Amino acid sequence: MDYRAVLRIVLIGALLLGLIALPSLVEKDSIINLVVLILLYVTLASSWNILGGYTGQTNLGHAAFFGLGSLVTRMLWTSGFPLFPSMLLGCAVAVALALIIGVPAFKLRGAYFAIGTLALGQVLFVTVGNEFPLISALPAKALASYELLPRYYFFVGMAVVTVAASYLLAHSRLGLGMMAVREQEDAAESLGVSALRHKLIALVISAFFAGLAGGGFAFYHVSYYPQFPFAPVWTFDAVMMTYIGGVGTIVGPVIGALFYVVIKEYLALNLVELHLIVFGTLFILVVLFLPGGLVEAWSKIRRQYLRRTTPKEVEPSTTD
Amino acid sequence: MLEPLAQSLVFGVLVGGIYGLAALGLSLVFGVTKFLNVSHGELLMFGGYASFWVFVLWGVDPFLTIPFAVIFLALIGLVLYKLLFARMVKLPEEVKIRNTLLIGFGLSLILQNIALRLWTADDRSITTFYSGAAITFLGVRFPVVRLISLGIALVCFLALHQFLHRTFTGKAIRATVEDWEAAAMMGIDTQRVSQLAFIIGASLAGIAGTLVAIGYSIDPSMGLEWTLVALITMVLGGLGSIMGTLVGGLLLGVTQAATSFFLGGTYREIVGLLIFLLVLVLRPQGLLGTKRE
Chain H
-9 MDYRAVLRIV
1 LIGALLLGLI
11 ALPSLVEKDS
21 IINLVVLILL
31 YVTLASSWNI
41 LGGYTGQTNL
51 GHAAFFGLGS
61 LVTRMLWTSG
71 FPLFPSMLLG
81 CAVAVALALI
91 IGVPAFKLRG
101 AYFAIGTLAL
111 GQVLFVTVGN
121 EFPLISALPA
131 KALASYELLP
141 RYYFFVGMAV
151 VTVAASYLLA
161 HSRLGLGMMA
171 VREQEDAAES
181 LGVSALRHKL
191 IALVISAFFA
201 GLAGGGFAFY
211 HVSYYPQFPF
221 APVWTFDAVM
231 MTYIGGVGTI
241 VGPVIGALFY
251 VVIKEYLALN
261 LVELHLIVFG
271 TLFILVVLFL
281 PGGLVEAWSK
291 IRRQYLRRTT
301 PKEVEPSTTD
Chain C
5 MLEPLAQSLV
15 FGVLVGGIYG
25 LAALGLSLVF
35 GVTKFLNVSH
45 GELLMFGGYA
55 SFWVFVLWGV
65 DPFLTIPFAV
75 IFLALIGLVL
85 YKLLFARMVK
95 LPEEVKIRNT
105 LLIGFGLSLI
115 LQNIALRLWT
125 ADDRSITTFY
135 SGAAITFLGV
145 RFPVVRLISL
155 GIALVCFLAL
165 HQFLHRTFTG
175 KAIRATVEDW
185 EAAAMMGIDT
195 QRVSQLAFII
205 GASLAGIAGT
215 LVAIGYSIDP
225 SMGLEWTLVA
235 LITMVLGGLG
245 SIMGTLVGGL
255 LLGVTQAATS
265 FFLGGTYREI
275 VGLLIFLLVL
285 VLRPQGLLGT
295 KRE
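Residue numbers (our numbering), protein chains in the order written: chain H, -9 to 310; chain C, 5 to 297.
Honestly, the hints are just simulated from the structure, not real lab data.
Computed from a predicted structure; not experimentally measured.
Take these hints with a grain of salt, some might be off.
[To be verified] Only pairs whose alpha carbons sit at most 25 Å apart, straight line, appear in this in silico PhoX-like list of lysine-lysine:
1) C:K38 / C:K94
2) C:K38 / C:K100
3) C:K100 / C:K86
4) C:K175 / H:K97
5) H:K97 / C:K100
6) C:K175 / C:K94
[Claimed, not checked] In silico negatives: residues of chain C with every beta carbon more than 10 Å from chain H:
7) A10
8) G63
9) Q116
10) F141
11) P147
12) L158
13) F167
14) G174
15) A186
16) S245
17) V258
18) V285
Even for Gly, the Cβ is constructed at its ideal location relative to N, Cα and C.
Produce the complete structure using the sequences and hints provided.
Structure below.
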């Protein structure tokens, strides 16, 4: 094992320990809530990345899966059903939608897939707003026993599982097939990689984790309008985080989510909407000049540095 | 039963003209450059605000604010093209469509939040002394401002049609739509044609924005809804046909009106989206369906 692999394991271990120990290190709930938000975005962006990054299918209706997960979880849970089975059913409904729309949606190529999913997301957003116009609040009993810590640890687990799944997927035969479809669909087909099958599997996995994030959302929030998690802004946030971090990479969505929330917190103290203007600009710059996002920027800087210090040890770029 | 239905349909036709106009700029830009500019709705919103402020601050008649909206949007279009979209012209088509789509999203976020900062989230609309005036014919009301708006939309369609068919520049644009490589070989500066098409597209969005501000209302978050309206109309009308876009807009307006009449107003927006999805899926090449191979 070379030193970089060891370093990586040590870093990941330290990060996990830090996340687990955080509640005993900080007093303020606001910090915990902030980390919960980061973890929610990590899950959402990573789940988008599985379809959008690995297979290159720009899904602009991702909020539909997130929203369905939250809607089903919340309805079952507040009507007395146990929490975790409710969440699983929420994921199941999100996956069911993925299976229903998958085949017709993947008839559309490229940008047509993007605007088709955008329209689909909007249909669900409007419909849910019409059918469930009332705010969903936790019953008084659940409200009285509301605790932040179990929710925090749920979000830690959820984000870790999602990132781990995207790591395993990227290093599996299936994941390689997805990337082959992204690079050259016809070439992949000619080598026996079914484009439709790989896209469908990616969509299902993506929908599952988005549904799970929705379940977490329903578990965490005291009250919200059922329509809210269906709002297109969830999709756009996930897309931008993924691109800014590094689309198609494992750590990209994680870095993007962290970066997004930190910038948002930092700028929101000064000016309300400024962070969205900054983030939109950054997103455009990444699309124009840095297609690999911050991850690519980092590896470029590192390669430059390595080249200058030890010219003989230059390694080819890695995928993550 | 019959009179309210007729009334709904009339309103549908009147709004349909604006739908067509909203789609016209998007369709022109997509046809010429293959840029899918999803911030088109935000451009429309900026046109609406330009007219609103010219009307409020200088007291100009709302319909006479159109030149201001056109100039303002032409400038925005020029800046956006020079800064962002000019870099996309030479990319392969699929990458071009995807990247412009992503840039459009970033742009819509930026423009929306600039509008929010400058002009707050309030709903605005232009109300003038003749806003309430209407002509009644066989028991059906025809609001004067919406009639004039439909007229202006029709004039825009005719003007663009004439421009594309009668002038040298217009013919250069059409040649670029047909086959940009051949056009370039014939000495047409396709980069300039793209820029011109983009500026005209933005200006048309500006006019549509003015008409929306006069007949309906505007707010900073209206962009996505109008982008979708324009996309739906473009698909319904079939790409590459100017008059098709007008028909698509009228069709969407009437369908929405009929839906809200029979099923209630809450499903007005959905029916258009569902038709859009059906057309996309049943014609796998979707928007390119009418393009020659």
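Here is how each hint holds up against the structure:
Distance restraint check for K38 of chain C and K94 of chain C: the Cα-Cα separation of roughly 11 Å lies within the 25 Å cut-off, and the hinted pair is therefore satisfied. Our distance criterion of 25 Å between C-alpha atoms is met by K38 of chain C and K100 of chain C, whose separation comes to about 7 Å. Using a Cα cut-off of 25 Å, the hinted pair K100 of chain C and K86 of chain C holds, with the two alpha carbons roughly 16 Å apart. For the proposed pair K175 of chain C and K97 of chain H, the alpha carbon gap of about 34 Å is over 25 Å, so the pair is violated.
Between K97 of chain H and K100 of chain C the CA atoms are separated by roughly 20 Å; this keeps the pair inside 25 Å, and the hint holds. The hinted pair formed by K175 of chain C and K94 of chain C meets the criterion: a straight-line CA distance of about 21 Å does not exceed 25 Å. Distance check on A10 of chain C: its Cβ is at least 26 Å (rounded) from any Cβ of chain H, clearing the 10 Å threshold; non-interface status holds. Residue placement check: G63 of chain C keeps its beta carbon more than 10 Å from all beta carbons of chain H (closest about 30 Å).
Against chain H, the non-interface label of Q116 of chain C is violated: not every CB pair exceeds 10 Å, the least being about 8 Å. At the 10 Å boundary, the C-beta of F141 of chain C stays outside the reach of chain H, the nearest C-beta of that chain being 34 Å off. Against chain H, the non-interface label of P147 of chain C holds: every CB pair exceeds 10 Å, the least being about 26 Å. Once the 10 Å rule is applied to beta carbons, L158 of chain C is consistent with being away from chain H; the minimum gap is 27 Å.
At roughly 27 Å, the least C-beta separation between F167 of chain C and chain H is larger than 10 Å, which holds for a residue marked as non-interface. With a cut of 10 Å on Cβ distances, G174 of chain C stays outside the contact zone with chain H, its closest approach being about 27 Å. With a closest Cβ-Cβ approach of about 24 Å to chain H, A186 of chain C is found to remain outside the 10 Å limit, as its non-interface label requires. Every CB of chain H is more than 10 Å from the CB of S245 of chain C (nearest about 19 Å), matching its label as outside the interface.
Chain H leaves V258 of chain C outside its interface by the beta-carbon criterion, the shortest separation being 20 Å against a cut-off of 10 Å. Non-interface status of V285 of chain C relative to chain H is broken: a Cβ of that chain comes within 10 Å, the nearest being about 5 Å off.
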